[in-house]
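Novice: All chains should be modelled from the sequences, with the hints used to inform the complete structure.
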Amino acid sequence: MTNQIALKIGGAAGQGVKTSGYILTKALKDLGQWIFSYSEYPSLIRGGHSTYQINIDTKKIHSVTKRVDILIALNEETIEKHYEEIKENGILLCDDGFKISEKIDNYLKEKKISIVKVTVDEIVKKNQGLPVMNNSVITGAVWSLLTSEYTYLEDKVKEIFSEKDKNIQTNLSCTKDGFDFVSKGDFPKFNLSVKETKDIILGTGNEVAGLATYASGCRLYCAYPMTPSTGILQYLAQRAYKLGMIVKQAEDEITAIQMSIGGSFAGTRSACGTSGGGLALMTESLSFIGMIETPLVVFDSQRPGPATGTPTWTEQGDLDFVSKAGHGEFPRIILAPGDIDEVFKLVSEAFNLADKFQTVIIILLDKYISESWYLTEKFDDSDIKVDRGELLTQEELDKQKDFERYKITDSGISKRSMPGMKNGIFLANSDEHDGKGYSTEELGIRKEMMEKRMRKLKGIKLILPEPTLYGDENAKTTIICWGSQKGPILDAVNELNEKGIKINMLNYSYVFPLKIEKLEKLAKTNKLIAVENNFSGQFADLIRKETGIDISDRVVKYDGTPFFKDELLDILESK
Amino acid sequence: MAQVNDYNTRVKPNWCPGCGNFAVWTSLKQTLVDLNLEPHQVVVTYDIGCSGNGADKLNTYALKSLHGRTIPPAVGAKLANPDLTVISTGGDGGIMEEGVNHLMWAARSNYDITVFLHNNQRFALTTGQQTVTTKKGEPGKTAPRGIPEDSIVPAHVALISKASFVARGFGGDPAQLVTLMKSAIKHKGFSFLEIVQPCVTLNKINTFDWFRERIYKLEEKKDYDNSNWHKALEVSQDMEENIATGILYEDKHSIPYSDRLSHRKDSKTKLVDEVKAYSIDGYIEEFV
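Same order as they appear, the protein sequences are chains A and X.
For reference, each letter of the first sequence is one residue, going 2 to 576 in the working numbering.
For reference, each letter of the second sequence is one residue, going 324 to 611 in the working numbering.
Be careful, since some hints might not be right.
Straight-line distance between alpha carbons at most 27 Å, and here's what the computed DSSO-like set of lysine-lysine pairs gives [to be verified]: (1) X:Lys511 / A:Lys423; (2) A:Lys423 / X:Lys485; (3) X:Lys599 / X:Lys505; (4) X:Lys505 / X:Lys335; (5) X:Lys599 / A:Lys379; (6) X:Lys509 / A:Lys423; (7) X:Lys593 / A:Lys386; (8) X:Lys599 / A:Lys423; (9) A:Lys423 / X:Lys593; (10) X:Lys593 / A:Lys400; (11) A:Lys416 / X:Lys599; (12) A:Lys82 / A:Lys60; (13) X:Lys599 / A:Lys400; (14) X:Lys554 / X:Lys485; (15) A:Lys243 / X:Lys554; (16) X:Lys593 / A:Lys416; (17) X:Lys545 / X:Lys511; (18) A:Lys243 / X:Lys335.
Facing chain X, according to a computed beta carbon distance under 8 Å, are these residues of chain A, among others [claimed, not checked]: (19) Gly218; (20) Ala267; (21) Gly436.
For the record, the hints were derived by calculation from the structure and aren't laboratory data.
Cβ coordinates follow ideal geometry from the N, Cα and C atoms, glycine included.
Specialist: In structure tokens, the structure reads:
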């Protein structure tokens, strides 16, 4: 059968959808398959519908498809909601006790979809298991559709259940019986074989952001829980004892950012994280950073707004907001990694950029990159270099005559001391100030200080790299994109190129301030299409503002889901 | 050893003549000298308001925050470098209104910082609107017929938030103020010092004389036991007739936040010394 397989597990929240999905994800990874996993769930603890999807491929992928080869239903609702997503000749796997309506049954027949009805109750009863073990039976059954290599699954069931479940043996026998039921039956199978792989890792954007934050020498992380950014806080908090970091769950987002500012002012590396609503609370503090020129890294994992919006879904809706957030004018940098390799790289760069330019660096993630499971080659931490910029040592400070923390310089960057150092006293002042930081309303100094701070933008623009062009270099159609949607767009572009369709993509992970050289060149020769996970095409708006180039062809999506690869293929093929 | 003069900057104070801030400023300088601290060992954070206008008049490392936010950056600085003496200052507008949550959470966390609340019962810098500490019924610029809300006693908020040191001083008694400031700074854990400090320009009711007639000192009450939290709550509530000053409450067994973190408790280094690239070995294995 095909090299690309998509499977989706659906059920009520609390039925073990995520556990089954995660076990299958880990087992498939060990089997040597390239996969990408994505989950949808409501903002509830119990009840509500949730799904977990895994796409399997022969090469690295960062996307899921709308249409699936196997639909695994842990409840009847899943069948009703998703049966039309099953491809022709696909499979529906469910409990033999589930009722399937005549309408759906006819549809399945028409599309030649096989139904694998597993005798779940019988198997659980036979093993004297609990109702919650239904999903172990199902997990075993799915695995049997995928491969005959049972031990890979068994290892993962042991690994994942050993900590939380005393009934590991019952779970294992349920899994095995589910597996045997399907392997003995006459069902279509995918026969995935073991592939040798080395040093492949599996992680979510949030986990990698946490790891990279630590590896970059950040010692203080402050946040208030807010989906989908909470994963970073939890990753660090759960390991703080080993990492030695102080990971602070603060009383609100204002405290989180202000505490991080205090830590950075004192001289350590610090960061904070939130989602759009929390960032709105942090906005005044962003402006404060602009004024006192204290380095800070701020994570914003976006979710659909406005207001509380849909907390557990995805959107690239905050770009417009964060590019302007904060009263007054001050330089800032916005980074938007497109996969976990970029998360690892950009987080460490963000800390260096913050130190170098003494301002705020915002890292835009979203639910898609924060919580999806990416596979990639093991990171190389020797690439991480810590550069603290113009931070003075005591020895250097001793040589300074009448040290001025906010000295006017050509670059706009002034030398920095740390509290506790002799000869380096300054006031980090939210009021306009002179070289020492003392308040001033002398308008000449105000003007000079404003110009000094804004001069940093010039250096920032020089140092930030141009966007990356992926796909057919000679194509005359170029997709303009940014951030997490690099994943599905790149997978679609590659597939179109394989089909002989000439198309490429210009992807921005350094999104603000905007680099325009490559873009302006392409705009002269190519048809540009903006593809964005928001309503207006916020990045295209930014491009128009900065360059005058008006990308009128905008593919936007704002229903809370990311772009699906097959959906993109359909859209782009018709362009 | 530092002298009082070392704590002066080139900026001369510009508070109204007779303002209570002069006494606070002078007392703090004396306190720091008495504690043998050098200016570079001290961080003071400021709020917005007349108290905040002292930010460039005291020669220490300093951060003048946004309105209401004097406490969180002080906490961040202390966590990053526990060797620093960290003092957070602000008025009744900043600490009791805009940022009252920070006071409560900092108190319950028992961070080893000191908060000085300048209480003049007015938004003075914005020329005299009433605050949460203004007595109910007193008129002000935005309540010409008198403020309809009840007032709140800052020391109460600190006490119910589990502050391990709560004191009250008076801008008209610098000698006592120095003693209280020293005790507050030396206390291990979160210390809160409310300084009642008349606004000579915009508060014609709660004047120096008004306070002098009503204030008494707890240290002169032999039977007052400042380890008794309930007693402190009771004694501190009167801001009208008999106003207590001195140490209202002190938990001598207070364990500061940093000592509550098992992984940082015995750390030989400070967060500020630990910034370097860290190997991902030991962590990346979880991803494999």
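Novice: So, for every hint listed, does it hold in this structure?
Specialist: Verification of the hints:
no. : hint                : result
1   : X:Lys511 / A:Lys423 : holds, 25 Å
2   : A:Lys423 / X:Lys485 : violated, 35 Å
3   : X:Lys599 / X:Lys505 : violated, 36 Å
4   : X:Lys505 / X:Lys335 : holds, 25 Å
5   : X:Lys599 / A:Lys379 : holds, 21 Å
6   : X:Lys509 / A:Lys423 : holds, 22 Å
7   : X:Lys593 / A:Lys386 : holds, 21 Å
8   : X:Lys599 / A:Lys423 : holds, 22 Å
9   : A:Lys423 / X:Lys593 : holds, 17 Å
10  : X:Lys593 / A:Lys400 : holds, 25 Å
11  : A:Lys416 / X:Lys599 : holds, 19 Å
12  : A:Lys82 / A:Lys60   : violated, 30 Å
13  : X:Lys599 / A:Lys400 : holds, 25 Å
14  : X:Lys554 / X:Lys485 : holds, 14 Å
15  : A:Lys243 / X:Lys554 : violated, 43 Å
16  : X:Lys593 / A:Lys416 : holds, 22 Å
17  : X:Lys545 / X:Lys511 : holds, 25 Å
18  : A:Lys243 / X:Lys335 : violated, 49 Å
19  : Gly218              : holds, 4 Å
20  : Ala267              : holds, 4 Å
21  : Gly436              : violated, 12 Å
In this structure, the earlier hints numbered 2, 3, 12, 15, 18 and 21 are contradicted, and the remaining ones agree with it.
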